[in-house]
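K.L.:
Spelled out from the first residue to the last, the chains are:
Protein chains: 4
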Amino acid sequence: MGQLGLESSDYVEFDLRVRYAETDRMGVVYYANYLVWFEMGRSEYCRQRGFNYLELEELGYRLVVAEAYCKYRQPARYDDLITVRTSLDFLKRRLVDFSYLVLRKGTEEALVGGKTKHLCVDAEGVARTIPEPYFTYLSRGLPP
Amino acid sequence: MGQLGLESSDYVEFDLRVRYAETDRMGVVYYANYLVWFEMGRSEYCRQRGFNYLELEELGYRLVVAEAYCKYRQPARYDDLITVRTSLDFLKRRLVDFSYLVLRKGTEEALVGGKTKHLCVDAEGVARTIPEPYFTYLSRGLPP
Amino acid sequence: MGQLGLESSDYVEFDLRVRYAETDRMGVVYYANYLVWFEMGRSEYCRQRGFNYLELEELGYRLVVAEAYCKYRQPARYDDLITVRTSLDFLKRRLVDFSYLVLRKGTEEALVGGKTKHLCVDAEGVARTIPEPYFTYLSRGLPP
Amino acid sequence: MGQLGLESSDYVEFDLRVRYAETDRMGVVYYANYLVWFEMGRSEYCRQRGFNYLELEELGYRLVVAEAYCKYRQPARYDDLITVRTSLDFLKRRLVDFSYLVLRKGTEEALVGGKTKHLCVDAEGVARTIPEPYFTYLSRGLPP
Chain A
97 MGQLGLESSD YVEFDLRVRY AETDRMGVVY YANYLVWFEM GRSEYCRQRG
147 FNYLELEELG YRLVVAEAYC KYRQPARYDD LITVRTSLDF LKRRLVDFSY
197 LVLRKGTEEA LVGGKTKHLC VDAEGVARTI PEPYFTYLSR GLPP
Chain B
97 MGQLGLESSD YVEFDLRVRY AETDRMGVVY YANYLVWFEM GRSEYCRQRG
147 FNYLELEELG YRLVVAEAYC KYRQPARYDD LITVRTSLDF LKRRLVDFSY
197 LVLRKGTEEA LVGGKTKHLC VDAEGVARTI PEPYFTYLSR GLPP
Chain C
97 MGQLGLESSD YVEFDLRVRY AETDRMGVVY YANYLVWFEM GRSEYCRQRG
147 FNYLELEELG YRLVVAEAYC KYRQPARYDD LITVRTSLDF LKRRLVDFSY
197 LVLRKGTEEA LVGGKTKHLC VDAEGVARTI PEPYFTYLSR GLPP
Chain D
97 MGQLGLESSD YVEFDLRVRY AETDRMGVVY YANYLVWFEM GRSEYCRQRG
147 FNYLELEELG YRLVVAEAYC KYRQPARYDD LITVRTSLDF LKRRLVDFSY
197 LVLRKGTEEA LVGGKTKHLC VDAEGVARTI PEPYFTYLSR GLPP
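Top to bottom, those sequences are chains A, B, C and D.
Sequential numbering of the first sequence, starting at 97, is according to this note's numbering.
Sequential numbering of the second sequence, starting at 97, is according to this note's numbering.
Sequential numbering of the third sequence, starting at 97, is according to this note's numbering.
Sequential numbering of the fourth sequence, starting at 97, is according to this note's numbering.
Incorrect hints may appear among the rest.
Identical chains share a label here; the pair holds if one copy fits it or two copies do between them.
The calculated lysine to aspartate or glutamate pairs, modelled on DMTMM-like cross-linking and capped at a C-alpha distance of 25 Å, are [said to hold, decoys possible]:
{"hint": "1", "residue 1": "K188", "residue 2": "D176"}
{"hint": "2", "residue 1": "K213", "residue 2": "D175"}
{"hint": "3", "residue 1": "K201", "residue 2": "E153"}
{"hint": "4", "residue 1": "K201", "residue 2": "E228"}
{"hint": "5", "residue 1": "K188", "residue 2": "E204"}
{"hint": "6", "residue 1": "K213", "residue 2": "D193"}
{"hint": "7", "residue 1": "K188", "residue 2": "D111"}
{"hint": "8", "residue 1": "K188", "residue 2": "E205"}
{"hint": "9", "residue 1": "K201", "residue 2": "D218"}
{"hint": "10", "residue 1": "K201", "residue 2": "E151"}
{"hint": "11", "residue 1": "K188", "residue 2": "D218"}
{"hint": "12", "residue 1": "K201", "residue 2": "E154"}
{"hint": "13", "residue 1": "K213", "residue 2": "E153"}
{"hint": "14", "residue 1": "K201", "residue 2": "E220"}
{"hint": "15", "residue 1": "K213", "residue 2": "E154"}
{"hint": "16", "residue 1": "K188", "residue 2": "E154"}
{"hint": "17", "residue 1": "K188", "residue 2": "E140"}
{"hint": "18", "residue 1": "K201", "residue 2": "E109"}
{"hint": "19", "residue 1": "K201", "residue 2": "E140"}
Note that these hints are calculated values from the structure, not bench results.
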């Protein structure tokens, strides 16, 4: 499994408060739920780069997840205030990779990190170039 | 809020084992998850009455939920073996109501009970008569 | 099943954006997820009345859900901005009831409404009077 | 990110049917839910090797997740019958790694694969040797 970290300083952040529903009997956030937060990070990333991910889907395109990786350092707990920091790692015609850091809000304490790899497909599931202007919007977040 | 109970003896059962993901920090099944089990009960009900709920959706129909009610008596916990007993309470051209009992498997100990009310709609969300042969399939579970 | 509505004008609101994870194959928010939003409403209700629900749990008390009811009018969809309006309906030594309205943010369009009934118990599950100062905090939200 | 695959032929399987709640608006199983299935695979792995994971937790031990990886090939859909095949990849005093394959039941068609790495900790979160007889039970699944 891979490395953890955001190489780019060019990230997008959003905050959330941990829901009771997101915890498990160990008293911490259930491990699959960080992937939900990553997805929220991607949505927010698109929004702050100039478009709504929903538009892309309404045009018949989807950024399907090909791989996901998650490294757990410290657990988040009910009612914690969390910052999810999302960065675009890689962008090519049909491919886009994101990195994530889940931080205790107001600190640089990384609780969880992760990466996802995506492929752009059309409604039939065929790989497609990410259409304009979305490719350009996404590329604004690329490390130089 | 309503009464709890299955008036009909003509029910359908399926078993499940409680998932870790379904628990919360209180150590019990999170209260919204019983509605997930109810939905599994409806799917199983249809299957045992002769059709697959998916077929109905593929024809463009949906049994949307109009109301849901849940009464919590005793909590289910991780790894518990559970029986969900589903009964059809009411059936009219466009309407169908189900009742549920969540039991500790092998006992008559009811942990949770519930009811849902559904409306048959088409792909545009317009109310429609439940098409044949599905109406007839469903009616097999009606109390006499 | 019951009526829908908030009789009290004394409510607490919070906003959320619908997550991709909260939708189902029908393209709308899965029906159980509204109960998750109700729980967030209760948390926010407590916070805005002067305490953190977590404190109550850390003292060994829990407001367990005895009943939940949900009425579905219109679906919420991915990326919608939603306001959850929470009201305290009833408060007695060991009992507290909440009502909820799920609104399209910025409108009075009620998508979903609901009610939950809760019982205060201690760590052993025995019914207990809601301890002070929490009872007083909660009572601030009571309709006159 | 890592490789996908089960090196060991010594695996444990269980079946599930995809729940409506597990799908998203794309009509497929939401990507985080495969991690829920992996956890069910681990539970089942323990059970078939001679113990209940719950016992380990009741003794104050936990196998916390340190890393998770998931590779998505083909989506699972509502009502699909799925087999989850779980294998123990690595076992050392305090560490245990599992691999998973999510198959269309009755076939060798791998929809999703994954790996998780776990650390044994006590109730205070301190790393501990996996206690006997659980270490021995787990080791029964090790490739020779």
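K.L.:
All hints, please: hold or fail.
P.N.:
We went through each hint and held it up to the structure:
1. Proximity of K188 and D176 under a CA criterion of 25 Å is satisfied in neither setting, with 36 Å inside one chain copy and 30 Å between copies.
2. For the identical chains of this complex, K213 and D175 are inter-copy neighbours only, at 22 Å across copies versus 30 Å inside a copy, given an alpha-carbon limit of 25 Å.
3. In this assembly of identical chains, the alpha carbons of K201 and E153 lie at most 25 Å apart only when taken from different copies (23 Å versus 31 Å within one copy).
4. With identical chains, the CA atoms of K201 and E228 are never at most 25 Å apart, being 34 Å at best within one copy and 30 Å at best between copies.
5. Neither within a single protomer nor between protomers do K188 and E204 lie at most 25 Å apart by alpha-carbon distance, with minima of 30 Å and 32 Å respectively.
6. Taking CA atoms no more than 25 Å apart as the test, K213 paired with D193 passes in both settings, with 4 Å inside one copy and 23 Å between copies.
7. With identical chains, the CA atoms of K188 and D111 are never at most 25 Å apart, being 29 Å at best within one copy and 35 Å at best between copies.
8. Taking the shortest alpha-carbon separations for K188 and E205, neither the intra-copy value of 31 Å nor the inter-copy value of 29 Å comes in at or below 25 Å.
9. Proximity of K201 and D218 under a CA criterion of 25 Å is satisfied in neither setting, with 37 Å inside one chain copy and 27 Å between copies.
10. Only between protomers do K201 and E151 lie at most 25 Å apart by alpha-carbon distance; the minimum there is 20 Å, versus 30 Å within a single protomer.
11. With identical chains, the CA atoms of K188 and D218 are at most 25 Å apart within one copy only, with a shortest distance of 16 Å there and 41 Å across copies.
12. Taking CA atoms no more than 25 Å apart as the test, K201 paired with E154 passes between copies only; the shortest distance there is 22 Å, against 33 Å inside one copy.
13. When the C-alpha separation of K213 and E153 is checked against a cutoff of 25 Å, the pair qualifies only within one copy, where the shortest distance is 17 Å, while the shortest distance between copies is 32 Å.
14. Taking identical chains as interchangeable, the C-alpha atoms of K201 and E220 lie at most 25 Å apart only when they sit on different chains, with a minimum of 24 Å there against 40 Å within one chain.
15. Taking the closest pair of Cα atoms, K213 and E154 come within 25 Å of each other only inside a single copy of the chain (21 Å); across copies the shortest separation is 31 Å, beyond that limit.
16. For the identical chains of this complex, K188 and E154 are intra-copy neighbours only, at 21 Å inside a copy versus 36 Å across copies, given an alpha-carbon limit of 25 Å.
17. For the homomeric pair K188 and E140, the shortest alpha-carbon distance inside one copy (20 Å) is at most 25 Å, but the shortest distance between copies (40 Å) is not.
18. For the identical chains of this complex, K201 and E109 are neighbours both inside a copy (10 Å) and across copies (22 Å), given an alpha-carbon limit of 25 Å.
19. Taking the shortest Cα distances, K201 and E140 sit within 25 Å of each other both inside one copy (17 Å) and across copies (18 Å).
Violated hints, listed in ascending order, are 1, 4, 5, 7, 8 and 9; each of the other numbered hints is respected by the structure.
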